[in-house]
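Novice: Given next are the chains, with one letter for each unit.
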Amino acid sequence: MIIRDRPTGPHLFFIVKGSILKRILVPLAGNALTAILVTLAHGELLNHKIVVTTAPFSLIGLALAIFLGFRNSAAFDRYWEARKLWGELIHRSRSLSRQVLSMVQENGPALASNGLADVRVRFIYRAIALAHASRHYLRGTPPGPDTKPFLQPEEWEAMQKSTNPPDYLLQRMGTDLRLCLDTGRIDTNIACGIDQTLSSLAAAVAGCERIKGTPIPFPYALLLHRTAYLYCFLLPFGLVDTLGATTPFVVTFVAYTFFGLDAVGDAIEQPFGSGPDDLPLNALCRHIEVNLREALVDTNIPPLLEPVDYCLN
Amino acid sequence: MIIRDRPTGPHLFFIVKGSILKRILVPLAGNALTAILVTLAHGELLNHKIVVTTAPFSLIGLALAIFLGFRNSAAFDRYWEARKLWGELIHRSRSLSRQVLSMVQENGPALASNGLADVRVRFIYRAIALAHASRHYLRGTPPGPDTKPFLQPEEWEAMQKSTNPPDYLLQRMGTDLRLCLDTGRIDTNIACGIDQTLSSLAAAVAGCERIKGTPIPFPYALLLHRTAYLYCFLLPFGLVDTLGATTPFVVTFVAYTFFGLDAVGDAIEQPFGSGPDDLPLNALCRHIEVNLREALVDTNIPPLLEPVDYCLN
Amino acid sequence: MIIRDRPTGPHLFFIVKGSILKRILVPLAGNALTAILVTLAHGELLNHKIVVTTAPFSLIGLALAIFLGFRNSAAFDRYWEARKLWGELIHRSRSLSRQVLSMVQENGPALASNGLADVRVRFIYRAIALAHASRHYLRGTPPGPDTKPFLQPEEWEAMQKSTNPPDYLLQRMGTDLRLCLDTGRIDTNIACGIDQTLSSLAAAVAGCERIKGTPIPFPYALLLHRTAYLYCFLLPFGLVDTLGATTPFVVTFVAYTFFGLDAVGDAIEQPFGSGPDDLPLNALCRHIEVNLREALVDTNIPPLLEPVDYCLN
Amino acid sequence: MIIRDRPTGPHLFFIVKGSILKRILVPLAGNALTAILVTLAHGELLNHKIVVTTAPFSLIGLALAIFLGFRNSAAFDRYWEARKLWGELIHRSRSLSRQVLSMVQENGPALASNGLADVRVRFIYRAIALAHASRHYLRGTPPGPDTKPFLQPEEWEAMQKSTNPPDYLLQRMGTDLRLCLDTGRIDTNIACGIDQTLSSLAAAVAGCERIKGTPIPFPYALLLHRTAYLYCFLLPFGLVDTLGATTPFVVTFVAYTFFGLDAVGDAIEQPFGSGPDDLPLNALCRHIEVNLREALVDTNIPPLLEPVDYCLN
Amino acid sequence: MIIRDRPTGPHLFFIVKGSILKRILVPLAGNALTAILVTLAHGELLNHKIVVTTAPFSLIGLALAIFLGFRNSAAFDRYWEARKLWGELIHRSRSLSRQVLSMVQENGPALASNGLADVRVRFIYRAIALAHASRHYLRGTPPGPDTKPFLQPEEWEAMQKSTNPPDYLLQRMGTDLRLCLDTGRIDTNIACGIDQTLSSLAAAVAGCERIKGTPIPFPYALLLHRTAYLYCFLLPFGLVDTLGATTPFVVTFVAYTFFGLDAVGDAIEQPFGSGPDDLPLNALCRHIEVNLREALVDTNIPPLLEPVDYCLN
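Residue numbers (the UniProt record's numbering), protein chains in the order written: chain U, 1 to 313; chain V, 1 to 313; chain E, 1 to 313; chain G, 1 to 313; chain S, 1 to 313.
Since no wrong hints were added, every one of them can be taken at face value.
Repeated chains share a single entry, so a pair holds when one copy, or any two copies, can fit it.
Okay, derived cross-link-like pairs now, DSS-like style, lysine-lysine, Cα gap no bigger than 27 Å in a straight line:
#, residue 1, residue 2
1, Lys212, Lys148
2, Lys212, Lys161
3, Lys17, Lys212
4, Lys84, Lys212
5, Lys17, Lys84
Don't read these hints as lab results, they were simulated from the structure.
Assemble the whole structure, with the sequences as input and the hints as a guide.
Specialist: Here's what the structure looks like:
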């Protein structure tokens, strides 16, 4: 995620970091070239004048506007819903930690120094592992040393074999809930209260899976791309008669806005990647880790992540 | 559901799989033909010149834009809500399995090898059957060998006679909940907790029934189709005087975008079919089956489904 | 509700059932006539040429687009929310039935043949009566023989005197809940669980009351109608100079789309009527009745309703 | 709230009640006058021809459309959300009454004739007072004889001194809940169930406070008004050259739609007033009062309010 | 937040307070100057005529409309969601206070004069501190004398060291909940009820963090700014041939609406600042403080905040 103040004035036009220009450079250059050739040929193709006024473009523009507008808001809705689901992960993790610390009856305070033998530490560390494991699951990377210290060795082994590591960890929390019930540390009222938090965590993770697994229907993408490309590559023929030498410039400007709008949608539609336009899952996981370890009075807590070169990962 | 990377460059125009072109081939060809005839006749019909400038098209375009834009987002909302409801089915099934495994007091671990005599196995297997039965119910197909192994023989018989198999299975889970209460395996707190999960599953299934049973009001479809068809078939008369020989090409392009937008809406409005534009219910059910059977340490678990020829069923 | 496949090809233009054409026939004919007169008079009124180019229409079109677009989505949102609320009624009724059957401790199975002396049968029959009573309440018809058999005679009498029959039935369910508590059939945990379902049913009914009782603010309707009518009746003056004899045809086409869009909104804005564009409340109530009676192993269960002449009531 | 059937035909243009025409009469007349003067001067100002074609208006129209469209839906969303919150007040009050009547253990039936000594009557009467007090709080009027009979004298005194009367009443219900707990009329399960209903009532009232206290950001209003006024007052200069004598008429029509759209937004943005475009809070409170008093078998129940001169207050 | 009545008539154009004009003064002046120069040079640049008709602007306008419309509603949605989350903070705080006062068993009434030794006072004072701490956290200011009196000294110290003060306070409430459980002041039913309120408070705070920490994706801002600036600075070339001397005026008007729309979005996108366009967090916190202290019969309660010079902070 790019974090930078909005630029003003001429500076606006010289920003590269955070711009989507490099994503659309090839088609944009192709379009500009076409426009130059059409202008030089005065709109003739093989010595045959192609008559296209601007009228068709405003008719097609109607469909294009619907496509682009829909696509744009659908992509942003996915991005924002994904962020909301991670927000849910964050505050449910905090609430889980609060519930475990206050409701599970145990001798002595819950300190990270008790280690994984303390069921309360186990619960909270597992919630940290859940965040890391969800991130890896969504990004398609294997969980690593960021996750391992928060799990018991055998749990760590088993999790890696599971087809759905986050769900595995939630099932494990259920097992510890049973243990607390059996040893009288909680009664069934409290068990149900904590169990609801687990269900909410499960819902948040499943929501992320849904966004990752179900793209915007492919025919939309295809239709939108085809329309936008045809539109922009035909535009020089429509403008050359009235604009003359200004044609290539105008065409490039129009194409820049359309291709750019399309590229932004592409960039944020799948928000779980690790590029500069994706959600900063590393930072969000770190946020959860810091909050939960502070509640356990842990030591060696790493700092919150800060943007590097305007970019938060 | 089509799963493929977004094509780029000229490749974009040669994709057939995932395109909706074949759905609109007939009216598109008819429209192109009309445009050619009108161009050859110089806009005359029975030796009578039909004067239509582009002005009316921008006026009608206004209504058409509202229709198409509304229809498009209504159809996509249905698609996306349906996917959300299946996501609900997925995570509620997982939570049900977690609740049953952790909260139902029973001797020994819950293993698939205990068979349907173990009330916990029965619950979780029934949740798998619920997913399969819901899929068949929504697609109008009879439940088959994918569903049968997860139910007791008499339950399997009774379910097939029910007018609403998913609801029947949820009622059966209620019966087992009673059994657990009577045998002291759970208390009423836990019973209420599990019962809430059952209610959520019932809500998800009922939501899918709603989408299947209540199409977008028919007058919309009719009005939209009529407007789009009239618009496109009259367009040649409006353009021939200014564009001349380019008319058929432009008309076909405009019609392609309008008919295409309409066809995409048609394709995703009823998302429970089994075509390439529908939700991959087979894969989602398999996902539930794998997750729940892993929790039971089951054997012979089938693999998750992968797209075949870019298409996930 | 009209249930029919989308027509294709020329067939599209000859459908009457489900079309809103008959709702707009009078103003449309008036508009066409005006256009013909204006065309014959060459845009003169009392020998005085009325100069209106198409420019004003694109300016007014802007406001009209906002009106029509807003009105259209507001009307559809009402329709769809109403359907969602009935979906809520459906699945909450099913869940109520599941809860009562599984959580109320009683000797012997709950069979419809036990009659209304069995508190469980009373609960479930009352839920059926609730659906019927809500339908009658929303449609302004008196409850009749479809509702009576599911209530005790004195309850049936009292319900008819109530200003709000659905709420009366929910209050009665509360009384039976008290009875179950007093006789030890349920404890307070379960009472609260069932009570929540009753609150959800109350919320669904109140939502329907809201939609019925609060139309889209009247000034919108007035402003929209006035604008649309003025627009269409002035249009001939704007087009006659450029289009000549084609004017009446184009005007009628434009008016058809605008009046049609308006009429569809009118038709679905109040979705609780009993016309072909309203929600099929009869079928939805029957659906509830069949599901709940099946759960009670009732006899003489009527079939689900099917569309008659493409129309589900 | 205006309740009347949609008018049809010429009748449409002679409706005054419910029209927003009187709100916009002054600027509309000013605009018409300007247009007449500009037409008479042939677009000259101080003998200097002001050249403005229609082109700028379609460019500005773009921004205006975004403003008006946004403003319109934001205003309607506020109106509809406010109505939903009152719907929430209605059904939560009914559910509170059902819960109190069925779950609070007490000798003898709960009858209004028991008076405020009966804790159940006190609860339900206080819920009626809550509706009235919320209405007065939102409308900025002091609670009066409509509220007083439902409260104990000292409660009535104290409520009037509170900065937030609805919240005071909910706190008092909490006190009675404590009383019921202390006297063993309810256990903590039921206390929590009723307490949740109180929280929902608190949420509904707070939602209404939010709508009342947080208008649409002022810069929007300012920018929108300025743009709309400049647009309409400059329009005559843009049209006079092509339309001539028809200019004043067209300008007035355009201004009517824009000012009208703006005025409707103004009218419904703050829905808690007591004008004809506001929510009928009197009727909604009466609705609650009638429903709850019927549940208590009260006497002298007033009738539901009916529209007077098409207007429900 | 600006609170003032909508101005009418000519007064409308002389309002400065609440206008966003000063935010856009520099680019607007630059644009006007450009337009004047272009007009004087008759559209020539270095003696070379730049031919740009209005056609390209309506094509680009399409993309610009999508950008501005999307950006506008995304920004307002953030603003309104932020306000809703603070509304949630308000009513959950009130409900927490009601729950603590009615459900925690304790000798004698809960009065502020008992001081922080009374667990009920501690709970409610901490809820006030939570509001203040959240405000400071979101605005990036250190909590000060507005927060300190409501916390025990050691709690105040510890809170300032926490990376997330609101979460720290919620964890502390959890500790007091444990204390109440241990001393038998509440049972686990009530503990779960109060704990749910704490989870809701945690969700509201986390929602605000999300809005603060996740801006609208930067590429949007960049693309939108670039397009709007290019559009407005090229506009003079497109208009000078038809409008002549009126060009600078029209260009400035168009630029005013576009830059203004953009600036309003900028102003409300991050609603937690302390400027006149931000949410009045001071007033909202004061609102919570007054409500909760009244419930404790506290003394020296400060008054609610009123707008100063139309501005509520």
